[in-house]
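*Asks:* The primary structure of each chain is shown beneath.
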Amino acid sequence: METTRKLIRKHSLELLYKKLSASNKVYAPVTATDKQVEYKYNPPFSDVTFDHIRSTLSVKNLVFPKVENLFIFSNSKTESSITDVNLNLLPNVVLWGSHPCDNAAFDILRSIFCWDINDEFFSKRLEKVTVIGLACHTSDDYCFCTSTGNAPNSVKGSDILLSKLSGGDYIAEFITAKGSSILASSPELFENETEEKAVIAVVNTKFSHEQVTEKLQTAFEHPFWVENSLRCIGCGACTYVCPTCACFDIQDETKGKEGRRYRSWDSCGFGLFTLHTSGHNPRHVQSQRWRQRIMHKFSYMPDRNESLGCVGCGRCSSACPVDMNISEQLEALQNI
Amino acid sequence: MSENIYKPYLMEIDNIIEETPDVRTFRLKFKNLEEAENFSFKAGQFGEYSVFGEGESTFCVASSPTRKGYIECTFRKAGRVTNALANLEIGDTVGFRGPYGNTFPIEEWEGKNLLYIAGGIALPPMRCVIWNTIDLREKYKDITILYGARTVNDLVYKHELDEWKNRPDIKLITTVDPGGQTPDWKGEIGFVPTVLEKVSPSSDNTIAILCGPPVMIKFTMPVLKKLGFQDKDIFTTLENRMKCGFGKCGRCNVGKVFVCKDGPVFSYEQILELPEEY
Amino acid sequence: MSDFEPKVVAFVCNWCTYAGADLTGTSRLKYASNVKIIRFPCTGRIDFMLLLKAFANGADGIIVSGCHPNDCHYTSGNFHAKRRWIMFKELMDFMGIDMNRVTFSWVSAAEGAKWAEVVNETVTRIREMGPYVSYKELVNKTIEEEVKNE
Amino acid sequence: MNNLISRAKELLESKTVNVVIGYEAGPTGLARPAFITDSAKADKLIYDERCVQNLAVYLTKAEVKNFGKMAIVARLPVMRSIMMLISEQQVIGDNLIILGISEDNSLLDIASISVMQGYIDKCDLGNPSKDREILAELNKMTPEEKFSWWQNQFSKCIKCYACRQACPMCYCIRCTVEVNQPQWIPVQANAHGNTEWHILRAMHLAGRCISCGECGRACPVGIPCHLLTMQLADQVWNYFHVHAGTSDKMNSVLSTYEPNDKESFII
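Protein chains in written order, with our numbering: chain A, 299 to 634; chain B, 848 to 1125; chain C, 24 to 173; chain D, 8 to 274.
Check before you lean on any hint, since a few could be wrong.
[As the list claims (entries may be wrong)] Where chain D lies over chain C, by a calculated footprint (3+ residues, C-beta under 8 Å): (1) 92-100; (2) 105-111; (3) 126-138; (4) 146-156.
[Said to hold, decoys possible] The calculated BS3-like cross-link candidates involving lysine-lysine, where the alpha carbons are at most 30 Å apart (straight line), are: (5) B:K959 / B:K988; (6) D:K22 / A:K364; (7) A:K375 / C:K164; (8) A:K553 / C:K59; (9) A:K333 / A:K323.
These aren't lab readings, by the way, just hints derived from the structure by calculation. Even for Gly, the Cβ is constructed at its ideal location relative to N, Cα and C.
Throw the hints in and build the complete structure from the sequences for me.
*Replies:* Structural data, given as structure tokens:
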């Protein structure tokens, strides 16, 4: 598809940011005092970072919040009623400066939440999001987007993709109608593209995901899983920072007669995730849970959802307290 | 207003039967008549039953789709929700979402003999299909039900067992584990696989439907094979922990198969293909 | 805040303080009616989580009371409790959760007057401090936060 | 390091142990836990300042326990954790060979639990100095400042429970947060649920924390939750003059008492 490309100067970028924040919630990355990169709503432009490799958490909470009400209820002996959450009241959000890996994750999440029946909590949230992505000009050893079919400058999932020029200005690529409407409403901020090439990070391919998927077909009983997960301590860090992990729990909470049913993030790494009330646990040791995480992303999802469940952001590896490096393991799996 | 797929129907408890000290059967009626009209399900499907403030629990619909206007469920007090359910009284409200999952292929079974084998609390998931086929009795040939429990006390649906016992068109065999019998127990004594071997039903033109604890399944399967049943003619249901019921929350999968979407009903042929995660 | 009436929850042991509170009544001693007494077998049974639950459910102040040291019906429950409260208080202080809202006391079955004093003193103190807004905000934040879809 | 490798080989070859739990270097250069079952692979073992993770956490893990006899590379915090685990009857000392590492990264000769105890007794058992400084700063704050400081920290919490999973002393199969009849701690990761979770975790580690700082290091969002348990470790010393993990026979501070324990707030 032919897309429009324009040049936007750094100072115009600030004007664009301010203009967008006036009518939307703008969700943008900032570097906190403890070096963690976190997304905040409407931070001052001067705080917004353009040089981060990856934020600590992904941006999936925009469409899949860590806690989300499913409905409010009131319950007493004689009277029960359910009140829906009005999803139409959700504000418009501009996601600013998120990298191509995170943006590609929205489609994967859609394939989980909207296959078969449509989960409106997810899809209504997604409708409200406009993505102004930022191509990566830096990367590190954890990055492996190119091994999952993505790229540091992939436009997948972005409405506009910004790429940095060496002088500090940016190329803006308008990918969707949502993106083009921003150009249409602020044409004065954009100039015609020059010859200058954008600075794009180099991310070397570490494995072929097709080959991994192929190998996994017969790898369920392989000793690989136990050998490579002995050090896994069974926390949920990898799944909670992951842009595509979407497993959730549903719980009730009441105060007097009033209460709510909500869903919250859950993790296949937890021992209690699959525990039956009877005490039987289909995945009773950690190696089985680790296998589930990799199988789900690289075998079950390609099979069922026709999308790979991983975008290669490398967050799970960098967040892991015991250095369970997923790209290293996938590389090894490719060759078992 | 948008459609909230997590929103349950409000149901009123119409009747409660205390099956055993810790097993109850609820008859539930829709509070909203319009919802009742539009509701339909098939044998084998399940739902999410909720007590507001405690959460949801997954179990099958235990009544037959041929009995309209209500649904029934049978549960054992085990966790937070089932304990809360057990404390409810007639007239109280519960939530119900469903029906979810696939169904027993009863149309394909027409003209065949049916052999139902259940153990303990696993009769409820089968009761739906049993009644469904009994209500369409003329479509099936011999119907045999083999039901075992640990003790006489643990047998559920005692009143219905009596009814089945007295029907000439159904063969019912009940058994209790050795030591679980009472002085006036007239049924068999012994584990389900042993009794099955003793009764030795013919596998000719017969579908076997098997539900029970894993250990019972494990020892019953070889007996069925010995009797000549084909893997494709043996059906069972799988249970895994679930939250959503429609393939999103990500915890009930057995390999790539979602028990909530592709199950809960599986033929043994399908089960053999699955990795051991159930 | 003149019309603020604090809600105070008292976690007391069955053998000393509860009996002491009985004595307060039978002695016709008046004390503030803001207190809701919850009886436990022993102070050793009073989990620190219960205090947090009381705050979460709207208590502005808490009294924890049991037998004097060496008087425990079960010999050592109150000694264990003492250690627990030392640690709990230190942790709360470190996290900035106001322990002036909690009164720890030993009230024996014979000390009806002391019980009245403990309650009155606590209620007066909490009344001056006002409602426990910061903890209530913490708890209520839950729902507001999510409604705003933050 | 060579001493460590040759000792590991010797133990594996003589079948004295079935596994050596130590550290290896990962692809990004970080040190990470390694489970060496084959003496030919013992060369992978490293030991340097990168090796910070508390390996004692694996001693209670089902799949690791299956190995039976094992050797574990242990610096002071790991040794203290092992002491705690033995005293709480989670680990049998006889099944364990301690490959002790001193402060200057050399292999210690730890022949028995009592030798280990002797070594621990000679060490500085207070909190690490960098944490001491932060604790001192925090303790200077007003209650309001402390409250907002911690609330700001807790707001980041996603309840992944990495703090719990990384802690050798958090070995319960069903943690209190997972007890749902009644539901003690709100499941969701919000201000209330997070605050209660961190209070609960710190209280359950009072008198048991050996100040390894693993919980804070494991936290993916950078909450310094180790300061909570370290503050309590300090207070346990102040009030009761006990350091956790100094004997295989000690009782946990909160499950024991002295009649003359001093406090000043109970009226």
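*Asks:* Indicate, hint by hint, whether the structure satisfies it.
*Replies:* Status of the hints after comparison with the structure:
1. For the region 92-100 of chain C, the stated coverage by chain D holds: 3 residues have a C-beta nearer than 8 Å to a C-beta of that chain, and at least 3 were required.
2. Three residues within the 8 Å Cβ limit are the bar, and the region 105-111 of chain C against chain D gives 7, so the coverage statement holds.
3. A stretch counts as covered by a chain when three or more of its residues have a beta carbon under 8 Å from one of that chain; for the region 126-138 of chain C and chain D the count is 4, and the coverage holds.
4. Coverage of a stretch by a chain is defined here by at least three residues with a beta carbon nearer than 8 Å to that chain's beta carbons; for the region 146-156 of chain C and chain D the count is 0, and the condition is violated.
5. Proximity of K959 of chain B to K988 of chain B is assessed by CA-CA distance (about 5 Å); at most 30 Å being required, the pair is judged to hold.
6. A threshold of 30 Å between alpha carbons decides the hint, and for K22 of chain D with K364 of chain A the separation of about 48 Å lies outside it, so the pair is violated.
7. Taking the CA atoms of K375 of chain A and K164 of chain C, the gap is about 28 Å. The hint holds against a cut of 30 Å.
8. The straight-line distance between the Cα atoms of K553 of chain A and K59 of chain C is roughly 19 Å, inside the 30 Å bound, and the hint therefore holds.
9. Only pairs whose Cα atoms come within 30 Å are accepted, and K333 of chain A paired with K323 of chain A is accepted, the gap being roughly 24 Å.
In terms of the numbered hints stated before, the structure departs from hints 4, 6, listed from lowest to highest.
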